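Using the hints provided, position chain B relative to the given structure of chain A.
One letter stands for each residue in the lines below.
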Amino acid sequence: MKDDITREDRVDALGGMGCKRKRVEDARFTQGKGNYVDDIKLPGMLFGDFVRSPYAHARITSINKEAALAIDGVVAVLTAEDLAPLGLHWMPTLAGDKQMVLADGKVLFQGQEVAFIVAKDRYVAADAVEMLDVQYEELPVITDPYEALQSDVVLREDLDTNVPGAHGPRKHHNHIFTWEVGDEPATNQVMDDAEVVAEESMYYHRTHPCPLETCGSVASMDKINGKLTLWGTFQAPHVVRTVASMLSGIEEHNIRVVSPDIGGGFGNKVGVYPGYICSIVASIVTGKPVKWVEDRMENLMSTAFARDYWMKGKISATKDGKITGLHCHVTADHGAFDACADPTKFPAGFMNICTGSYDIPVAYLGVDGVYTNKAPGGVSYRCSFRVTEAVYFIERMIEVLAIKLNMDSAELRRINFIRKDQFPYKAALGWEYDSGDYHTAWDKALKAVDYDGLRAEQAQRVEDFKAGKTRKLMGVGLSFFTEIVGAGPVKNCDILGMGMFDSCEIRIHPTGSAIARLGTISQGQGHATTFAQILATEIGLPADSITIEEGDTDTAPYGLGTYGSRSTPVAGAATALAGRKIRAKAQMIAAYLLEVHDSDVEFDVDRFTVKGAPEKFKTMKEIAYAAYNQAIPGLEPGLEAVSYYDPPNMTYPFGAYVCVMDVDVDTGVTDIRRFYALDDCGTRINPMIIDGQIHGGLTEALAVALGQEIAYDKQGNVKTGTLMDFFLPTAWEVPNYETDFTVTPSPHHPIGAKGVGESPHVGGVPCFSNAVNDAFRAFGLTHTNMPHDHWRIWKTANALGLHD
Amino acid sequence: MSNKMHIKLTVNGEAHEFLAEPRELLIHTLRERLDITGPHIGCETTHCGACTVTMNGKSVKSCTVFVAQANGADLTTIEGIGDPDNLHALQTSFKEHHGLQCGFCTPGMITRAAKFLEENPNPTEEDVRFGMAGNLCRCTGYQNIVKAILATADELNAAKEAAE
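Top to bottom, those sequences are chains A and B. Positions 1 to 804 (the numbering used here) are the ones given, in order, by the first sequence. Positions 1001 to 1164 (the numbering used here) are the ones given, in order, by the second sequence.
So here's chain A without its partners, still in its complex pose:
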């Protein structure tokens, strides 16, 4: 080591935490060498395709396979009857309900899987789909959850209303559960006594995560060795292996589940779908590998919708604006089966974070889950479990209250924020927020956008509009959000009984490079880049010398996967702690090599030095070599570590967003002039990747707020089944975002990181929606539902008399 290499040089050489390290994943993706599930091609592989129901509710009177089987190249046609002997015609959902794998006597939503065709290629399979003769007898369709709770029509004939469901008693044959949190009598009392109460009903429409890659799987049953390999679009491959084992009876060590590269997930790829099960069964039946990949229409119609919450809110305050209580009731449309991907004890996810960033002393939340003739799902679309719904609810209620109080909503937020000195803060609905400094973030945001200037400009615009000088109104959308991510403590968070810890296993190679394997799986978040950065800082080897591997259950340690922004809070913590175990052993080796006591050496960037004599040191590279090649008394050879991390609490990232929007009252067209996003995700691992996550999350928020929806007609037909009707913004519709940050580390996380991938979506949706609503505030609008597409905005303007 030359003397002219400074400590800073050594830090830089590591590419550790805090630097804008370029992504190691990009080489293969930019050259078309990614390996996604549809890229997998095995010898003799067959292709599976579904026959789906054209009806939203119907009885199946007959299925005649003859014409389909007569097509050259068709190998098998599977129906519920074929799966029943294996007990696989139904499967458990993540929410404690059960779901038909293939229609068992009746269909309950349009696009439901009725039969699985297995053929030599996808064209033959598609031909056979057309030829399968299925006869239906139509039944009355219910697409409205309020109507479902009144109707005599029984959707789920397989359930007994008198038998409690997974989340307690059922009040009606179309009712799934009631979930209550908080103190309702006390909340009602506060409302009765309040100086001011604001009320609003809002519908958070049904939408869909719609990753660019649809869902799919390839199953290959090796009958000779009794081993099943399943490649697929899985955000939680280890859970899939356990579930596959429980369902099939194949022992878990004989199942290998692999998530290859995943083309975006956003919650769509958390659940277990009939396609996965059918590809497995088809491979067992035919003895050949079977691929199933859904098309876009199937994806939008059948796999994992998000939201669909009918929310009724009441918020009380003093006349000066100090909030005294919050009451929220949700009627949750879960579709035909309750297939929400929430931790078991939370049937409405973490909706009870709906008191938001505010110090609200008393609150109540009640949620009723309801069956309808719509697709199952209820996943967390780029958010922790139902947190987008919760934050949208409270951030709209704040605006509604500000209107009632005739107050500025930025000021209303400020006087109600949880103060810095109140953390850790125990919220009225049970959560303990780990850390925060909301006032600092809010002040920084408002200053950055010149908030007072914006309001003055807006007031002038209203005058100009009234004077006939312009037809465009101006909206200033505000939102301040607190996320709850990183599920979770095993004591209260599990999925199907599996505790939500995560893991990291590190193996250092003799020449000073390493491989680390984790229980998570990247779907674009850049884990191979950022987890190597965490390790580089923790173990003093360059990030470029550390391979990160995830997604293969035969090699990776067990973990619960990637969703709910849990990778950094949970697996990131496991990574840091496993790294510290490596360091602890390295310290003993270094001390031996330097001929001093263990406690006389200290870690310094990439080496251990003798305390007080920094010129005497051993680099981590030297230590790695010694670990394998030198007999050290009392120490086993090798340098490996594993950590399974059960977080003591969730983490609570937060942020302050401002959107400046022009709204054309004659066309309904919106123009986002400015979007400022301040995020506090605690310790920042890679600022480049954080910014990328924020740009993406905000764009998905823009989509949801301004047009994206899964809409049904009265017959239960999906009206938005292709990308012609389902809004995905293009580069043309999306603004440039300004990003900013504060840093409030999590006190309980080993490196203080909180997670960030979903924050921009959670905070972004209400910000865009508030901007639209705010544009019309001067004309008497209190609330209008999303999605704010041009037609709906035009209708709002029209109803307010702005076209007269």
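Among the hints, a few may not be true.
Claimed, not checked - Computed cross-link-like contacts, PhoX-like style, restricted to lysine-lysine with a CA-CA straight-line distance of at most 20 Å:
no. : chain 1 : residue 1 : chain 2 : residue 2
1   : B       : K1095     : A       : K22
2   : A       : K33       : B       : K1004
3   : B       : K1095     : B       : K1058
4   : A       : K426      : A       : K491
5   : A       : K345      : A       : K41
6   : B       : K1004     : A       : K120
7   : A       : K98       : A       : K171
8   : B       : K1147     : A       : K22
9   : A       : K314      : A       : K404
10  : A       : K444      : A       : K420
11  : B       : K1115     : B       : K1160
12  : A       : K20       : B       : K1147
13  : A       : K98       : A       : K345
14  : A       : K581      : A       : K621
15  : A       : K611      : A       : K585
16  : A       : K20       : B       : K1095
17  : A       : K345      : A       : K491
18  : A       : K41       : A       : K314
Simulated from the structure, these hints should not be mistaken for laboratory data. From a predicted model like this one, the values you see are computed outputs, not experimental measurements.
Coordinates of chain B only, in the frame set by chain A:
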């Protein structure tokens, strides 16, 4: 279905000749017949652009082109844009500016961007946003994609100037 056609086409400079049903979609020809898996399938309705290739000098979405229509065509996919020893400036720039996340849209995005920069070597940001509007990305919000393309335009122009 045995009315197979005799198809000839060139992909990334390599000639291919085979019999195929006319209804076969070009994206399946590339991915399943020729094992060129860079172009992806995202929507099958010409909206998302993950399957974008260059056909006879124009960007096309290969998920809605029949192989019969591509008979005799000269095609370039992401695999023909650059190679590990000789990357296209866009491939470097997308990495440099973090213009990709999950990578699923990236092959189509870069293939389209390469053609776009040939069509318009001096684009404004607005030109890029309009010219790339046929390619959807769910991860990046486009900001860094636009940045990467604009930076590439500058880089290519500077190189051209230096060569002159």
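Verification of the hints:
| no. | hint | result |
| --- | --- | --- |
| 1 | B:K1095 with A:K22 | holds (7 Å) |
| 2 | A:K33 with B:K1004 | violated (31 Å) |
| 3 | B:K1095 with B:K1058 | violated (25 Å) |
| 4 | A:K426 with A:K491 | holds (18 Å) |
| 5 | A:K345 with A:K41 | violated (40 Å) |
| 6 | B:K1004 with A:K120 | holds (17 Å) |
| 7 | A:K98 with A:K171 | holds (19 Å) |
| 8 | B:K1147 with A:K22 | holds (15 Å) |
| 9 | A:K314 with A:K404 | holds (12 Å) |
| 10 | A:K444 with A:K420 | holds (15 Å) |
| 11 | B:K1115 with B:K1160 | holds (17 Å) |
| 12 | A:K20 with B:K1147 | holds (16 Å) |
| 13 | A:K98 with A:K345 | holds (17 Å) |
| 14 | A:K581 with A:K621 | holds (16 Å) |
| 15 | A:K611 with A:K585 | holds (17 Å) |
| 16 | A:K20 with B:K1095 | holds (12 Å) |
| 17 | A:K345 with A:K491 | holds (10 Å) |
| 18 | A:K41 with A:K314 | violated (56 Å) |
When held up to the earlier numbered hints, the structure conflicts with 2, 3, 5 and 18 and fits the remainder.
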